[in-house]
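**Q** In case you want the letters, here they are:
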Amino acid sequence: MTDNTIDQPEDRVPKRVIGTPPATEAVLKDETVHEAAALPGVIYQDPASARKAEKTVALLFLIAFLAGAGFIASYVIFQVGTIDKTSTSNFALGGTLALALLALAAGITTWVRRIMPKYTMIQERHPMASDAETRETVKETFLAGAEESGFVKHGLLRRTLLLAAAPLGLAPLFLLKDLGPLPGTKLRHTVWGEPTKTGKPRRLITEGTGQPIRAADFNSPGGILSVVPEGYEHDLNALAKATLILLKFRPEEIKSGTNLNWTHDGIVAYSKICTHVGCPAALYEQTTHHILCPCHQSTFDAADGAKVVFGPAARPLPQLPIGIDGEGFLIAKADFNVPVGPSFWERGDAEAEAREKAEKA
Amino acid sequence: MIGTGRSVNSITARRRHPLARFAVVALALGLLGGGYALAAPTGSTADAAVASGKADDVAQGKDLFIAHCASCHGLNAEGTKSGPTLVGVGAAAVDFQVSSGRMPASDPGAQAPRKPLDEWVTPQAIDQLAAYVQSLGGGPTRPAAEQVDPAKGDPAKGGELFRANCIQCHNFVGAGGALTYGKYAPSLNESSPTQIYEAMATGPQAMPVFNDSTITPDQKRDMIAYITSVRSQVDPGGSGLGRIGPVTEGLVAWIAGISLLVLAAIWITAKKRQAHS
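Top to bottom, those sequences are chains A and B.
So for the first sequence, this note's numbering puts the first residue at 41; every next one is plus one.
So for the second sequence, this note's numbering puts the first residue at 5; every next one is plus one.
Isolated chain A (complex conformation) (with noise of 0.2 Å):
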């Protein structure tokens, strides 16, 4: 097959590496690579431009011990402590020490390319299976090790061995239990839909103050407040469906999308979580009633029933219906009639549902 005769196990031994040059002249044998003398495929440095680098070198590590001793010297000198003086710390530390490890790299590189003679050099590949005999010999000493532990002629040692092993293996496939449980009807519901504690319906909180909302004081059209549910103004779990934006505007700015029975003397509410993939969608600009969500840019229609005019959601921003109290605070009437946020398998047409359940009702 091939001319190459030499002695070798297997014919496994490529001619050539990839990523070298041919090998045309005859391979380096170890006994000869001490010779110093010029031997074929080595390439020595130019003396003079060898001894230049060596300045090169030199200086490069002493650049690094002068970092080096910077290092310990801001340890002593650079006291931690405040904020300040800790910040003053670390990036002396650090600078000197980024100065110091990269001097000594680039001086070492410069050391091997510019001083140090250059081979052509050839990687051997040894085939990969040890020889027949050491083969035999494993195998010898397998089978007098399997004969003298008795493996096959003490059968109860042998079961229980497999008995102790079995509940071992098998619980991996019990603990993917924990991807569970399924959500079943958690992601259709919000805890605006929850009676509360007292019985009375369930106020609009504005976030960050914590005070429910008058309808009369959020009077400004063109007013937008981040609201949580009350009673759970700081459960994540529960907020993370429920959060809303409520949006303030003048009567005639409302078009037919949105559900007037939903809303309060022009105050809308509809579902922060954004229908495409779970962002907050909050950027509101009160003079085109555009809701940007920041992540992908969706972007709906507030007064048009928060529609989509723009971006990869594919559905409107779910609407919370509305109204007040006896005290004139914003209350939810009732949960949101589709699932807020992204689409989920079981999500069905949820839309299509809800219309049929408002034409029975």
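Some hints here could point you the wrong way.
Below, a list of computed lysine-lysine pairs in the DSS-like style, where the Cα atoms sit at most 27 Å apart [as the list claims (entries may be wrong)]:
| no. | chain 1 | residue 1 | chain 2 | residue 2 |
| --- | --- | --- | --- | --- |
| 1 | B | Lys-275 | A | Lys-158 |
| 2 | A | Lys-295 | B | Lys-85 |
| 3 | A | Lys-373 | A | Lys-397 |
| 4 | A | Lys-347 | B | Lys-187 |
| 5 | B | Lys-156 | A | Lys-295 |
| 6 | B | Lys-85 | A | Lys-92 |
Stretch by stretch, here's where chain A covers chain B in the computed footprint (C-beta under 8 Å, at least three residues) [unchecked claim]:
| no. | segment |
| --- | --- |
| 7 | 153-167 |
| 8 | 196-203 |
| 9 | 208-219 |
These are calculated hints, taken from the structure and not from any lab test.
No residue lacks a Cβ here, since even glycine has one placed at the ideal position from N, Cα and C.
On the provided structure of chain A, position chain B as indicated by the hints.
**A** Frame of chain A, contents of chain B only:
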């Protein structure tokens, strides 16, 4: 004549009376004091008129309005196709727009940016314009200095409110950000405390309104304290890169950091071309 002469003589005689000098001093002091007493209330009435924007300011303001604003907002601030009505926007809106250079707008683009003030825009001119617009239909007034003093606010509480209401557009340290169709939320770093207050109270351009009954003046002052205090905070990691978060940081890490690593790898492994000896 004789009588006259006699009376002149008598005046001259009294003038030379030993007590005359005291009488003159007393009269002079009396006139001065009385004059001041009369003048002082007049002065404070004038000040009050300037402060509340009445009297002449409204007329002066109307002249300024017609000269600089009416081409877009209409001769009576009723609004035109190129500018909204200013009836009811209040003195706070005028002060915010004019003192930040946003109005008069240089061109009718998506957004009027902050720019250096025109020569005619003096504090007095702003007072007069504000008085005129306030007289048209009321609206939010300008805050007192004490209402916007960051030293009197609580930056921690303000930060909480800022994160709930403002960062979606203005970024977590007020660096600003993009909106739709060329509009953007500007950086808050150049805004004065008064301008920040006025922006919240009036909702300039695309910004929503945060009125005093839902976000109280004290809460607004807390937010002003937060916005002004983060400006002077040192970025512990070195350059803040505009403080707009992972976008610039990632860009610098990839373009600068990865390029440096690639160059280093090339330098270490490159074959040096040399003539064979």
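**Q** Does each hint hold? Answer for all of them.
**A** Hints and how they fare:
1. Lys-275/B / Lys-158/A: With Cα atoms ~9 Å apart, Lys-275/B and Lys-158/A stay inside 27 Å; holds.
2. Lys-295/A / Lys-85/B: Given that 27 Å is the threshold and the Cα spacing comes to 22 Å, the pair holds.
3. Lys-373/A / Lys-397/A: It holds: about 17 Å lies between the C-alpha atoms, which stays within 27 Å.
4. Lys-347/A / Lys-187/B: With a Cα-Cα distance of about 20 Å, the restraint between Lys-347/A and Lys-187/B holds, given a limit of 27 Å.
5. Lys-156/B / Lys-295/A: Cα-Cα ~43 Å, so violated.
6. Lys-85/B / Lys-92/A: Violated, because 76 Å separates the two Cα atoms, which is more than 27 Å.
7. 153-167: holds (count 3)
8. 196-203: The restraint on the segment 196-203 of chain B is violated, since only 0 of its residues have a Cβ under 8 Å from chain A and three are required.
9. 208-219: holds (count 10)
When each numbered hint is compared with the structure, violations occur for hints 5, 6 and 8.
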